[in-house]
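Trainee: First to last, the protein sequences are chains X and V.
Residue numbers 1 to 480, in the numbering used here, belong to the letters of the first sequence in order.
Residue numbers 1 to 480, in the numbering used here, belong to the letters of the second sequence in order.
Hints are computed from structural coordinates only; laboratory data are not their basis.
Please read all numbers here as calculations on a predicted model, not as lab measurements.
Hints should not be assumed to be uniformly reliable.
Copies of the same chain look alike in the list, so a pair counts if it fits in one copy or across any two.
[As the list claims (entries may be wrong)] In the DSS-like style, the derived pairs of lysine-lysine whose C-alpha atoms are separated by at most 27 Å in a straight line are:
no.: 1; residue 1: 360; residue 2: 150
no.: 2; residue 1: 243; residue 2: 423
no.: 3; residue 1: 29; residue 2: 64
no.: 4; residue 1: 65; residue 2: 15
no.: 5; residue 1: 65; residue 2: 338
no.: 6; residue 1: 435; residue 2: 423
no.: 7; residue 1: 84; residue 2: 423
no.: 8; residue 1: 84; residue 2: 65
no.: 9; residue 1: 338; residue 2: 64
no.: 10; residue 1: 188; residue 2: 84
no.: 11; residue 1: 356; residue 2: 84
Number of protein chains: 2
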Amino acid sequence: MATSDKEIVKEIPRKSERFSDWYTAVLLKSDMVDYSPVRGCMVVRPYGWAIWEGIQSWLDREFKKTGHQNAAFPLFVPESYLKKEAEHVEGFAPQVAWVTHGGDDELGERLAVRPTSEAIIMPMYAKWIQSYRDLPLLILQWGSVVRWEKATRLFLRTTEFFWHEGHTAHQTQQEADDECRLILDIYKRLLEDVLAIPVLTGRKTDSEKFAGADWTYTLEALMPDGQAIQAGTSHFLGQNFAKAFDVKFLDRDNTEKYVWTTSWAVTTRLIGSLVMQHGDNRGLALPPRIAPVQVVIVPIRHEQTPAVLARARALAASLGEGVRVKVDDRDEFTPGWKFNDWEMRGVPLRVELGPKDLDKNQCIFAARDGEGGKRAVSLDGFAAAVVAELDAIQARMYARAKSYLEAHVVTPRSLDEAIEMIKERQGFVRVPMSKDQRAEEALRDASGGSPRVVTDEPAAGACLVTGAPAEMIVYYARAY
Amino acid sequence: MATSDKEIVKEIPRKSERFSDWYTAVLLKSDMVDYSPVRGCMVVRPYGWAIWEGIQSWLDREFKKTGHQNAAFPLFVPESYLKKEAEHVEGFAPQVAWVTHGGDDELGERLAVRPTSEAIIMPMYAKWIQSYRDLPLLILQWGSVVRWEKATRLFLRTTEFFWHEGHTAHQTQQEADDECRLILDIYKRLLEDVLAIPVLTGRKTDSEKFAGADWTYTLEALMPDGQAIQAGTSHFLGQNFAKAFDVKFLDRDNTEKYVWTTSWAVTTRLIGSLVMQHGDNRGLALPPRIAPVQVVIVPIRHEQTPAVLARARALAASLGEGVRVKVDDRDEFTPGWKFNDWEMRGVPLRVELGPKDLDKNQCIFAARDGEGGKRAVSLDGFAAAVVAELDAIQARMYARAKSYLEAHVVTPRSLDEAIEMIKERQGFVRVPMSKDQRAEEALRDASGGSPRVVTDEPAAGACLVTGAPAEMIVYYARAY
Numbered sequence: 001m002a003t004s005d006k007e008i009v010k011e012i013p014r015k016s017e018r019f020s021d022w023y024t025a026v027l028l029k030s031d032m033v034d035y036s037p038v039r040g041c042m043v044v045r046p047y048g049w050a051i052w053e054g055i056q057s058w059l060d061r062e063f064k065k066t067g068h069q070n071a072a073f074p075l076f077v078p079e080s081y082l083k084k085e086a087e088h089v090e091g092f093a094p095q096v097a098w099v100t101h102g103g104d105d106e107l108g109e110r111l112a113v114r115p116t117s118e119a120i121i122m123p124m125y126a127k128w129i130q131s132y133r134d135l136p137l138l139i140l141q142w143g144s145v146v147r148w149e150k151a152t153r154l155f156l157r158t159t160e161f162f163w164h165e166g167h168t169a170h171q172t173q174q175e176a177d178d179e180c181r182l183i184l185d186i187y188k189r190l191l192e193d194v195l196a197i198p199v200l201t202g203r204k205t206d207s208e209k210f211a212g213a214d215w216t217y218t219l220e221a222l223m224p225d226g227q228a229i230q231a232g233t234s235h236f237l238g239q240n241f242a243k244a245f246d247v248k249f250l251d252r253d254n255t256e257k258y259v260w261t262t263s264w265a266v267t268t269r270l271i272g273s274l275v276m277q278h279g280d281n282r283g284l285a286l287p288p289r290i291a292p293v294q295v296v297i298v299p300i301r302h303e304q305t306p307a308v309l310a311r312a313r314a315l316a317a318s319l320g321e322g323v324r325v326k327v328d329d330r331d332e333f334t335p336g337w338k339f340n341d342w343e344m345r346g347v348p349l350r351v352e353l354g355p356k357d358l359d360k361n362q363c364i365f366a367a368r369d370g371e372g373g374k375r376a377v378s379l380d381g382f383a384a385a386v387v388a389e390l391d392a393i394q395a396r397m398y399a400r401a402k403s404y405l406e407a408h409v410v411t412p413r414s415l416d417e418a419i420e421m422i423k424e425r426q427g428f429v430r431v432p433m434s435k436d437q438r439a440e441e442a443l444r445d446a447s448g449g450s451p452r453v454v455t456d457e458p459a460a461g462a463c464l465v466t467g468a469p470a471e472m473i474v475y476y477a478r479a480y
Numbered sequence: 001m002a003t004s005d006k007e008i009v010k011e012i013p014r015k016s017e018r019f020s021d022w023y024t025a026v027l028l029k030s031d032m033v034d035y036s037p038v039r040g041c042m043v044v045r046p047y048g049w050a051i052w053e054g055i056q057s058w059l060d061r062e063f064k065k066t067g068h069q070n071a072a073f074p075l076f077v078p079e080s081y082l083k084k085e086a087e088h089v090e091g092f093a094p095q096v097a098w099v100t101h102g103g104d105d106e107l108g109e110r111l112a113v114r115p116t117s118e119a120i121i122m123p124m125y126a127k128w129i130q131s132y133r134d135l136p137l138l139i140l141q142w143g144s145v146v147r148w149e150k151a152t153r154l155f156l157r158t159t160e161f162f163w164h165e166g167h168t169a170h171q172t173q174q175e176a177d178d179e180c181r182l183i184l185d186i187y188k189r190l191l192e193d194v195l196a197i198p199v200l201t202g203r204k205t206d207s208e209k210f211a212g213a214d215w216t217y218t219l220e221a222l223m224p225d226g227q228a229i230q231a232g233t234s235h236f237l238g239q240n241f242a243k244a245f246d247v248k249f250l251d252r253d254n255t256e257k258y259v260w261t262t263s264w265a266v267t268t269r270l271i272g273s274l275v276m277q278h279g280d281n282r283g284l285a286l287p288p289r290i291a292p293v294q295v296v297i298v299p300i301r302h303e304q305t306p307a308v309l310a311r312a313r314a315l316a317a318s319l320g321e322g323v324r325v326k327v328d329d330r331d332e333f334t335p336g337w338k339f340n341d342w343e344m345r346g347v348p349l350r351v352e353l354g355p356k357d358l359d360k361n362q363c364i365f366a367a368r369d370g371e372g373g374k375r376a377v378s379l380d381g382f383a384a385a386v387v388a389e390l391d392a393i394q395a396r397m398y399a400r401a402k403s404y405l406e407a408h409v410v411t412p413r414s415l416d417e418a419i420e421m422i423k424e425r426q427g428f429v430r431v432p433m434s435k436d437q438r439a440e441e442a443l444r445d446a447s448g449g450s451p452r453v454v455t456d457e458p459a460a461g462a463c464l465v466t467g468a469p470a471e472m473i474v475y476y477a478r479a480y
């Protein structure tokens, strides 16, 4: 292997030593994303966007199966609408990009570039919803929103980011809460079954809930540096927005009532989590179910042996539409260079095929998630072997992430120990607490971490901060 | 039939008498779209968005088949970037929505909400393109753009509209022009084969081309009121943007050259064209290939005969995934009300099924595009009959639109006759002309129409305006 074959890997800092630099290097080198000339805004390149399209198409199927429909609401929210729900505007106004001019004319009223769309969607719901027959109304939109951030990082926190936002209206409190939990479950399956990212689920504490919500459900993952990341949220908005925007319906009992609403989202931040969770010193590592290219077949020295390239193409075709496969037939690179390049881009399975393999009716499988192990596989039953290997890789990647998470849920015996564990980024620090918000703030201030999620577990014993009876189990961590 | 069964239709003005009111009424009543609280911005409701998703998925397949990839570029364009290509900024600046504040802070430089994205994409291409090996670069993005319009109409001209925009870079002029024509052909197939809208294709005259392009290819359709509508454009940008943004590559001959670029788009305006082209006094009429619901099965008085509903559901299931079907099992409406409702929403095929039909092993087909004719169809071979009927409807709708277009291409014998024909909205008025821009402007001013398209036809004889030798055939019309 020539020295240059190793260059790709050399340019990537070691994940265990310089996590943050490693993250940025992997994103840029794999052509997933780039910086743009607009402060804090990213360009999602085709390789990164293909991952987002994979997430979109999986979710779109699940949402439609459960009766949700897509629509599109305006990019702009008039300032007076944003102000209608008091907590909402307080939470979002400091981050709003304001349009003040159209062409040469100053606008009579400023328009917010939507930071989220409750305030532009609810006036429409007020118009569309008349009777209980119009409920539930289950709509989402795919697009981008803008929040003026001081410090940004590719995918994790950007001024413009891409997402979907669901906005639903229901007859009863119970139905709206059921909707929140249904969505939480869809998100959990996306995270765990598709992206191979295990999560803790539950509610946010009051201080961390969405501005305008009664309560917020959340999914929290743990990154390899011991920091938590919020992977998705589903908000129970009660009747707060219904009252602010006068969204009422005539119920079966012939009385007029406010609807109950929800909103929920996951964003392109998921791509950042995916990269951090699975990547290694060689670059990206993508779970097969989300990888834009699942299998790359590298024909060895095919310039000298044309039969190899022909066979590689036939094998690729034999995989059918269910497998995303590429034959790397480029003449200008050595096989070793190609191996490194595809490993860096995280392709789950590499298949090597040379003249000697052809003689033996075999090929070589090299799984991205392993430590470079290779094995010979018979060309008889090639397609079935590929599918089985992809399933095995998916399962191994999830299992590895899952055992990492499980090993990093830690239980402190004292407040001092809790503070220490959070500061040291030991993972999710499990803290029995009272519902006294001052306790929550005290631990936040002392540790630099935040309450990530309150699970359904019953609490027992004393609040670790105040000594009062514990009412909930809160998982604290330093977080992205 | 109760009087109320006719109400839906009564509320829609007659298409032939009040075309513009008819158009708006059909859009609003069919729940495709609504006005929003933001001046000039529309809300695309689920039924309208489902049509857009149909267009998206057809195009996405065609674009990917021809090597194009999706990506996402920022919503904002810094003012200094927009100004880099002189003609471009002159064309778009008067219509730009400007962001001047982020939170409470005034920005150092104003940001345009993108009216189109050349000026934010080209700086990225300058970074990504180094060598001929990086070419062609074939990228598009799906999203919305904003152009501050004085007068707006749902779908046809809105401040924010939805589209895709392709941006490609090539080694040679020929390759870039080939790309423009490839895209024009994809658009033509979308219009004619899917939306059943026949078009004239060709180039724009210089006065009508895209701001910054060397030339623009266009597709022009003719609406039933005799007015033309631009259905899509594909721009050959030459090296104008390459020079403005310094996008160069090292060619095989080891010299540095500017790339040749293109850009192209179709927008949600297509939905407006679709509605105008095919609708009638009863409401929408959608071609089967784009209809979100292709077949509605209405069980007759199923409350009294449960076997009817069961059979309706079994028939729907027998159609499989290839047909978009709905069983209207609502108890609260009469069959007559349902017939009118689905006709108004443009569903191509209604299937009626009552107890007497079951006895005869038949159902009733009522095609939306006909004049209310019905026919009995045996339930044996139901699925094949449905597929054949949908194909026949698609073909009939296209044929009808095509003969309308052909009957409305008119050839004037004199300048006066040309002016008269354009003023009277007789359709596409075929005018032999010289390339003297003053001739073009003179006819525009006298007629109130505009040069829509210059076809490939050879020109002969004299320019109808100046008497000089004709160099091109220009189709004039009043236009949306």
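Trainee: Go through the copies and call it for residue 356 and residue 84: within, between, both or neither, with a Cα cutoff of 27 Å.
Mentor: neither (72 Å within a copy, 57 Å between copies)
Trainee: At 27 Å max between alpha carbons, let me know whether residue 338 reaches residue 64 within a copy, between copies, both or neither.
Mentor: between (40 Å within a copy, 24 Å between copies)
Trainee: Within, between, both or neither: how does the pair residue 360, residue 150 come out at a Cα-Cα threshold of 27 Å?
Mentor: neither (60 Å within a copy, 73 Å between copies)
Trainee: From the Cα coordinates, with 27 Å as the cut-off, is the pair residue 188 and residue 84 best called within, between, both, or neither?
Mentor: Classified as neither; 33 Å inside a copy, 46 Å across copies.
Trainee: My question is about residue 65 and residue 338: at a cut-off of 27 Å on alpha-carbon distance, are they close within one copy, between copies, both, or neither?
Mentor: So residue 65 and residue 338 pass the 27 Å test across copies only (25 Å; inside, 41 Å).
Trainee: If the cutoff is 27 Å on CA atoms, where do residue 29 and residue 64 land: within, between, both or neither? Let me know, please.
Mentor: between (36 Å within a copy, 24 Å between copies)
Trainee: Quick one: residue 84 to residue 423, C-alpha cut-off 27 Å, is that within a copy, between copies, both, or neither?
Mentor: Neither: 39 Å inside a copy, 49 Å across copies.
Trainee: Should residue 435 paired with residue 423 be assigned to within, between, both, or neither, using CA atoms and 27 Å as the limit?
Mentor: within (22 Å within a copy, 75 Å between copies)
Trainee: Are the CA atoms of residue 84 and residue 65 at most 27 Å apart within a copy, between copies, both, or neither?
Mentor: Answer is neither: 34 Å inside a copy and 48 Å across each miss the 27 Å cutoff.
Trainee: At most 27 Å between C-alpha atoms: does residue 243 with residue 423 qualify within a copy, between copies, both, or neither?
Mentor: Answer is neither: 42 Å inside a copy and 52 Å across each miss the 27 Å cutoff.
Trainee: Check residue 65 against residue 15 for me: Cα-Cα at most 27 Å, and say if that holds within a copy, between copies, both or neither.
Mentor: neither (40 Å within a copy, 37 Å between copies)
Hints 1, 2, 4, 7, 8, 10, 11 from the earlier list are contradicted by this structure; the remaining hints agree with it.
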